[in-house]
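Given next are the chains, with one letter for each unit.
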Amino acid sequence: MLFFKKALVAAILLVLVSPLFGVVLADLVGYHEPLDLAAEAIGLEDLTESLNWTPLLDYSVPGLPAEVGYIVAGFVGIAIILGIGLLALKAVGEQRSQRA
Amino acid sequence: MHIPDGFLDIATAAITYLLSLGYGGYALSKVKRTFNPDTVSLVTVLAAAIFAAQMLNWPLPGGTSLHFVGGALAAILLGPWLGFLTMFLVVFIQCVVFHDGGITALGANVLNMAIIDCLVGYLIYRSAVKLFGRRDSVRSIAAFLGGWFGITIAGLACGLEIGYSPAFPYGVTVTVPIMTGWHAVLGVIEGVITSVVVLYVARRSPHLIMSEAG
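Protein sequence lines, in the order shown, are assigned to chains L and Z. Residues in the first sequence are numbered from 1 upward in steps of one, following my numbering. Residues in the second sequence are numbered from 1001 upward in steps of one, following my numbering.
Keep in mind that the hints were calculated from the coordinates and are not lab data. Treat the hints with care, since some could be wrong.
Mimicking DSBU-like on lysine-lysine, the simulated pairs with C-alpha atoms at most 30 Å apart in a straight line are [as the list claims (entries may be wrong)]: (1) L/K90 to Z/K1130; (2) L/K6 to L/K90; (3) Z/K1032 to L/K5; (4) Z/K1030 to L/K6; (5) Z/K1130 to Z/K1032.
Selected chain Z positions facing chain L (Cβ under 10 Å, derived; list incomplete) [what the hints assert, rightly or not]: (6) V1040; (7) V1043; (8) W1058; (9) G1102; (10) S1137.
Model, not experiment: these values are computed from the prediction. Yeah, the Cβ is synthetic: ideal placement off N, Cα and C, and Gly gets one too.
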């Protein structure tokens, strides 16, 4: 149980500091995804924006500053993963009780 | 490492989807009987931690970046099948919720990060521990090599996929050396992080390193 708590706390801390690396430093050095740069250099069309279906594109949240949006997106991602885990736990519990 | 939409042609996308689906089905069948609340919790929490760690992009001057991927770490801690499920969860959420990696390239991204990275890291670690014993020095070096080679071979696979895809104008003679070489350099950091985390877990909760079992 201690391991789970520590891992979750670590995940939350990582999300809280993530804008420093994912937004602030990225702006500072003019960062782009390496594969995006390659595509741009050879004139290949990256369809990410034209094919987009999510409002949380690239860990941004509409209406929020990039840094805050990055944190919110991180917590949304973690919440979804934990939600899926809880559903799986419930399913496993039901299976085990049926077997017993 | 996340291939976006527009980089793979239909054939490459379809083949990588089929490979990933087939492997995923096999991995599920392998772990189905051993699923219990503890393993589900481990997969979930590790996926959350790896998802958060991947958000820490370290931009490098010149306009590129590195970030921890975590496939080797997941497989060393949980074994290749549960490790696959952990990484699949991460890559799937990144794609579907944040469009980080294309939906047409999801099969390729799963293949690279959830299958190849996991398998290479697991095999290196498991072999080293079997051969040289469960000592901290062995664990440390094996985890480093697992993390390093895992990401390097995954980079090679990424180079092959985009190189063979007619959608990408450069062939494998260009894409493979670039992707492999770049990931071999950046993979040193992946190896160091993998080694530090594995050693930490080994000293406090060695039973959690499932790749050492049996």
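- prompt: Hint check: is the beta carbon of Z/G1102 less than 10 Å from a beta carbon of chain L?
  reply: 7 Å, holds
Straight-line alpha-carbon gap Z/K1030 to L/K6, limit 30 Å: Roughly 28 Å separates the two Cα atoms, so the pair holds.
*asked:* Hint validation: Z/W1058 versus chain L, beta carbon distance must be below 10 Å. Holds or violated?
replied: This interface hint holds because 6 Å falls under the 10 Å limit.
Checklist entry - Can the restraint linking L/K6 and L/K90 be considered satisfied, given a maximum Cα separation of 30 Å? => result It holds: about 23 Å lies between the C-alpha atoms, which stays within 30 Å.
Between L/K90 and Z/K1130, is the straight-line Cα distance small enough, at 30 Å or below?
36 Å, violated
Can you verify the interface hint for Z/V1043: is its Cβ closer than 10 Å to any Cβ in chain L? Holds. Min distance 7 Å.
*Within 30 Å, alpha carbon to alpha carbon, are Z/K1130 and Z/K1032?*
26 Å, holds
Satisfaction of the Z/S1137 interface hint, Cβ to chain L closer than 10 Å:
At about 23 Å, which exceeds the 10 Å cut-off, the nearest Cβ of chain L leaves the hint on Z/S1137 violated.
Taking the least C-beta to C-beta distance, is Z/V1040 closer than 10 Å to chain L?
Hint holds; Z/V1040 Cβ to chain L Cβ min 5 Å, cut 10 Å.
Pair hint Z/K1032 and L/K5, alpha-carbon separation not exceeding 30 Å: Cα-Cα ~25 Å, so holds.
Checked against the numbered hints above, the structure breaks hints 1 and 10 and satisfies the rest.
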